[in-house]
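A.B. asks: Chains as they are written, first to last, in the numbering used here: chain A, 246 to 409; chain B, 27 to 192.
Heads up, some of the hints might be wrong.
Straight line, CA to CA, 30 Å or less: simulated DSS-like cross-link-like pairs of lysine-lysine [said to hold, decoys possible]:
1. K53/B x K361/A
2. K142/B x K361/A
3. K148/B x K329/A
4. K326/A x K157/B
5. K360/A x K77/B
6. K329/A x K142/B
7. K329/A x K87/B
8. K87/B x K361/A
9. K53/B x K326/A
10. K177/B x K329/A
11. K53/B x K192/B
12. K360/A x K148/B
13. K77/B x K397/A
14. K157/B x K87/B
15. K192/B x K329/A
It is worth saying that the hints were derived from the structure and are not from the lab.
Predicted model only: the values in this text are computed from it and were never measured.
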Amino acid sequence: MDAIEALRTRRSCRSYAGTEVDREAIETIVDAGRLAATARNVQPWEFVVVTDEATRRDLAELADHGPFIADAPVAIVVLAKHTKYYLEDGSAATENMLVAARALGLASCWVAGDKKPYGPDVVHRIGAPEEMKLVAMVAVGHAEGELPNPSKRPLEEVLHWERY
Amino acid sequence: MDLFDAIHGRASVREYEPVEVSEDDLKRIIDAGRCAPSGGNRQPLEFICIKDPQTLQALEKVQASLGSASAAVAIVADPGVSRWWLEDASAAAENMLLAIHALGYASVWIEGTLLKEEEFAKGQLCIPAEKRFPIVLPIGKAAQGTPQADKRPLDEVMWRERYNQK
């Protein structure tokens with residue numbers, strides 16, 4: 246898919262069909278994450294790909310805004326070492342993955358993440374070192390029904406020329 | 027350009043040759059930033075598109091690369107609108123870096139040096155006191171093809187089902 250089209254048409258999907266996502270697609274998506282921009286090229290991230298149903302149910306229960314993690318066939322847990330720019334780097338990686346999923350014809354959604362009280366619980370649940378930070382849980386799968394189209398502030402409203 | 031070519035080709039470029047960046051391309055770039063997800067769809071971001079060479083020269087104080095850029099995009103965030111403003115700004119920045127590369131230009135994510143001079147930089151662009159200015163992206167033409175930095179291989183960063191499990 247054309248890059249600009251993928252960037253423009255990505256949407257957050259919270260309703261997934263049961264169809265599985267093949268291994269190659271998952272690797273392509275995580276690969277996109279690992280190629281994101283990162284301060285000083287530190288790459289503080291690790292990606293845990295969760296397909297196991299019991300684990301996904303636990304993660305869905307931990308997340309206050311992520312019940313669909315239990316329905317989507319894949320959840321990619323984005324962790325980062327607590328470096329100075331872990332949040333920016335982790336977010337950049339997450340965004341690359343969301344857009345990559347879109348380009349593969351899949352749907353996804355970013356479930357926070359940082360500043361959520363359940364971060365350490367998620368880190369613990371997937372067996373990661375407790376000092377790692379949770380940046381996102383990314384649900385990936387095939388959309389059930391139409392993709393949502395939430396209202397976005399139009400370009401003219403958010404674009405300023407030369408000065409604010 | 028195909029998205030995956032953009033993802034693989036995007037690189038941090040800090041020195042540019044002059045190039046004419048069309049208004050259409052600038053709108054496409056900023057639109058890519060606008061289309062990034064935001065926590066709760068709160069959309070705390072706005073963007074300033076800078077083409078005036080005098081402004082770019084003034085911002086050289088933040089980082090030298092801005093001095094040789096043909097344009098720049100400033101990301102302005104309202105922390106009062108969303109506490110996820112930094113994640114949102116980062117997602118927008120990554121989208122715009124991909125768009126910039128896809129359209130044939132080059133850029134680099136400037137943040138650390140900007141935050142050191144945030145008040146000065148906000149003043150240059152008349153950004154209100156209560157807003158944050160965390161990221162600026164210069165836009166130019168790479169003097170020569172710059173490869174992406176060496177990345178940790180996939181099997182080093184990807185685990186299955188549990189951390190440290192293949």
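A.B. asks: For every hint, state whether the structure bears it out.
C.D. replies: How the hints compare with the structure:
| no. | hint | verdict |
| --- | --- | --- |
| 1 | K53/B x K361/A | violated, 34 Å |
| 2 | K142/B x K361/A | holds, 28 Å |
| 3 | K148/B x K329/A | holds, 23 Å |
| 4 | K326/A x K157/B | holds, 28 Å |
| 5 | K360/A x K77/B | violated, 36 Å |
| 6 | K329/A x K142/B | holds, 14 Å |
| 7 | K329/A x K87/B | holds, 23 Å |
| 8 | K87/B x K361/A | violated, 37 Å |
| 9 | K53/B x K326/A | violated, 35 Å |
| 10 | K177/B x K329/A | holds, 19 Å |
| 11 | K53/B x K192/B | violated, 43 Å |
| 12 | K360/A x K148/B | holds, 27 Å |
| 13 | K77/B x K397/A | holds, 25 Å |
| 14 | K157/B x K87/B | holds, 21 Å |
| 15 | K192/B x K329/A | holds, 28 Å |
In the structure shown, a violation is registered for the earlier hints numbered 1, 5, 8, 9 and 11, in ascending order.
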